[in-house]
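S.K.: So the chains spell out like this:
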Amino acid sequence: MKHTALHEAHERLGAKLIEFGGWHMPVQYGPILDEVNTVRTKAGLFDLGHMGRVHVTGKDAVRYVDRIATNFCAKIPTNSIRYSLFCREDGFPIDDILLYKEEAGTVFIVVNASNTAADLAWMREHTRGFDVKIEDQTDALGMIAIQGQVSRDVLQKLVEGYDLGALGYYKFCFATVCGIQGMRISRTGYTGELGYELYVPQKDTARVWNALLEAGKSHGVAPIGLGARDILRLEAGMPLYGHEIDATHQPLEAGLSFGVSFAPEKGDWIGRAALERAKAQPTRRLVGLTTPGPRVPRQGTPVFRGDAQIGEVASGGVSPTISKNIASAFVKLGCDQPGLALELDFKGKRQACTVQELPFFSRTRK
Amino acid sequence: MTSKTMRPDDRKYFESHEWAKQDGDAVIIGITDFAVAALSNGNDSDLVYCDLPEPGRELAQGETFGEIESVKAVSDLNSPVAGEVLEINHKIEEHLEILARDPWNEGWMIRVKPTSKNWASEKLMSAAEYEKFLEAQKH
Chain A
2 MKHTALHEAH ERLGAKLIEF GGWHMPVQYG PILDEVNTVR TKAGLFDLGH MGRVHVTGKD
62 AVRYVDRIAT NFCAKIPTNS IRYSLFCRED GFPIDDILLY KEEAGTVFIV VNASNTAADL
122 AWMREHTRGF DVKIEDQTDA LGMIAIQGQV SRDVLQKLVE GYDLGALGYY KFCFATVCGI
182 QGMRISRTGY TGELGYELYV PQKDTARVWN ALLEAGKSHG VAPIGLGARD ILRLEAGMPL
242 YGHEIDATHQ PLEAGLSFGV SFAPEKGDWI GRAALERAKA QPTRRLVGLT TPGPRVPRQG
302 TPVFRGDAQI GEVASGGVSP TISKNIASAF VKLGCDQPGL ALELDFKGKR QACTVQELPF
362 FSRTRK
Chain B
995 MTSKTMRPDD RKYFESHEWA KQDGDAVIIG ITDFAVAALS NGNDSDLVYC DLPEPGRELA
1055 QGETFGEIES VKAVSDLNSP VAGEVLEINH KIEEHLEILA RDPWNEGWMI RVKPTSKNWA
1115 SEKLMSAAEY EKFLEAQKH
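Sequence lines, in order, name chains A and B. Going by the numbering used here, the first sequence opens with residue 2, and the numbers climb by one from there. Going by the numbering used here, the second sequence opens with residue 995, and the numbers climb by one from there.
Keep in mind that the hints were calculated from the coordinates and are not lab data. A few of these clues could be false.
[Said to hold, decoys possible] Reference excerpt, derived from the structure (chain A facing chain B, CB under 7 Å, subset only):
{"#": "1", "residue": "Pro-32"}
{"#": "2", "residue": "Gly-228"}
{"#": "3", "residue": "Pro-295"}
Since we're looking at a predicted model, the values are computed, not measured. Each residue gets a CB set at the ideal place from its N, CA and C atoms; glycine is no exception.
Assemble the whole structure, with the sequences as input and the hints as a guide.
M.R.: Below is the structure:
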């Protein structure tokens, strides 16, 4: 198992560590639901050192990304970020990613830990005909997120010569943080809260983490593990590869059309034809389910309407924010109207649930 | 998190972290402190649900009689003993924190009429053996 630059810090903080995507990562430091509440009411710190970070340079960088990724990279404004995916020819995703469009016409890409190796292999397979260089920066950079209403106030204390208030949602800048010049800061996150993600040189990552904890102490900022992160992203209606999207769930039915461009000017891209066909003939879509019952829906829990199974849970969990058990689920079209009463099936025992649109809670999306 | 406190030796232990204890002619069954800690990481609020069987159900040794669920995951509850379910402890269904507080007494889950009087001799561990079993699992 690989260790992030913050491994010792987690052990000192008493975290419970688990294997995740090949990395030894904190799943929780204390009760998971308390950690969710901390992020929803104050702010939390996350070690994202496990996520893959790839720099695409060379004169064809943008044109190349437009061939291999679903969003329209050439149209992304400089210093802005867009959600996107890598899909196979058949339209099913290899991964979902963030594209950072840089001034030099280069692209910085953040990918999921568990897919980093597959993403890199796939990216390298498709470079023919493009003048591009693909550099894996995962081991060179650490990554820390601070998420929650007080995140701006806390991070601003460590930033010199830049007003974070000027940084819009899904924008990034380079600023001096803890005396480290040119650090990439993006206003992004996986919680539905105001928040920032920092890309820190590996050797400085622990120092920046400790400085953020110290600066956030009086605001109630605490470290947050993957357990709470999963609930936060589910509440915020954000997809997780392996759940809402994978080799059998394509992005359009998962509600991710905003990350897929069919603009003619984008030209042909891998998976385009398959997704155009899928778009013309939708069969199911991702919705939210809330349940008043005690059982927690989990991936694969069948969803019934009367005697007919009409869907399946993609992700489920306990939501302390809306005080209900919640799920994202793929349901047949016609069974997807908000307010519709359905049932979850727990090994033959039924539990009522109600359809709603995603997200369950978000301050960054309506 | 190695606790040096010995687990009670008035009962037998099963490989999936349940215990069984003679109680008159019957046997009561629960889960160990290790099982509770693994599910909840020491935070009793992380336990969310416990599903127990109906009285009258016949169980084979090792058969799943219920489920316990934490914020993170669901685990099967397996019977260390073959027998018929006589009674269940409804109290823990509503008060899962009991399991964290006292898994050995108040946190019992089901009472079973064992198929064999010699149930304790079958594939079960003493407290000391269970301790060694846990130690071996760490490596």
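S.K.: Now tell me, hint by hint, if it's right for this structure.
M.R.: Going through the hints against the structure:
Restraint check, A/Pro-32 versus chain B: the minimum CB separation of about 4 Å is within 7 Å; hint holds. A distance limit of 7 Å between C-beta atoms decides the matter here; for A/Gly-228 the minimum to chain B is near 6 Å, and the interface restraint holds. A hinted interface residue such as A/Pro-295 counts as satisfied when its beta carbon comes closer than 7 Å to some beta carbon of chain B; here the least separation is about 5 Å, so the hint holds.
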